[in-house]
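Chemist: First residue of the sequence shown? That's 1 in my numbering, and the numbers climb one at a time after it.
There is no bait here: all hints are sound.
Label-pair ranges, simulated between beta-carbon atoms: (1) 42 to 91: 31 to 39 Å; (2) 92 to 125: 43 to 51 Å; (3) 39 to 108: 46 to 54 Å; (4) 24 to 113: 31 to 39 Å.
No farther apart than 25 Å at their CA atoms in a straight line, the calculated lysine-lysine pairs in the DSS-like style are these: (5) 108 to 2; (6) 95 to 13; (7) 2 to 123; (8) 102 to 4; (9) 119 to 4; (10) 14 to 94; (11) 102 to 13; (12) 94 to 108; (13) 95 to 4.
Derived from the structure by calculation, the hints contain no laboratory data. Note that CB positions come from ideal geometry on N, CA and C, so glycine has one too.
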Amino acid sequence: MKTKFSSIVSLRKKDMQECERVIMQNENRIANKQMQIDAIADEVVKLEMPRSGTFYAFKAYDEVKKMLFYRMSVAQSELDELQANKAILQAQYKKCHIEYEKMAFLDKREQENMLQAIKMQEKKEVDEIAMMLYNNVDGKVI
1 MKTKFSSIVS LRKKDMQECE RVIMQNENRI ANKQMQIDAI ADEVVKLEMP RSGTFYAFKA
61 YDEVKKMLFY RMSVAQSELD ELQANKAILQ AQYKKCHIEY EKMAFLDKRE QENMLQAIKM
121 QEKKEVDEIA MMLYNNVDGK VI
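Could you build the full structure based on these sequences and the hints that come with them?
Modeler: Here it is as structure tokens:
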């Protein structure tokens with residue numbers, strides 16, 4: 001049954017679904033970033049210091065290690081940004097959900113009122129027909 005709130009309810013539901021979609025995308029980015037950090041950490045663990053060789057081999061090892069730690073710190077800061085964004089998105093979703101619930105409640109209440117009005121009208125019509133039949137004692141066609 002369509003009410004004046006039905007279109008608003010559908011818009012609020014679409015907004016809520018859009019928020020859910022954005023949250024899921026952010027969750028995927030967080031998971032990917034965490035896997036990237038884990039992969040860099042594995043590279044650091046697998047990195048072996050040269051046991052013999054020139055000073056330049058040790059210097060290259062040190063540079064690679066610094067580069068990996070820098071990449072890990074950049075990835076960690078990106079992960080922190082995604083985590084902060086997650087909190088913002090969840091607050092936005094909560095707001096959208098509350099707005100949807102408000103409109104859904106108003107829509108349901110309006111539908112119940114419309115249904116009650118229809119039942120009342122039907123009851124009046126049935127009473128009117130009953131009165132017409134009761135008053136028709138002569139058996140005339142009404």
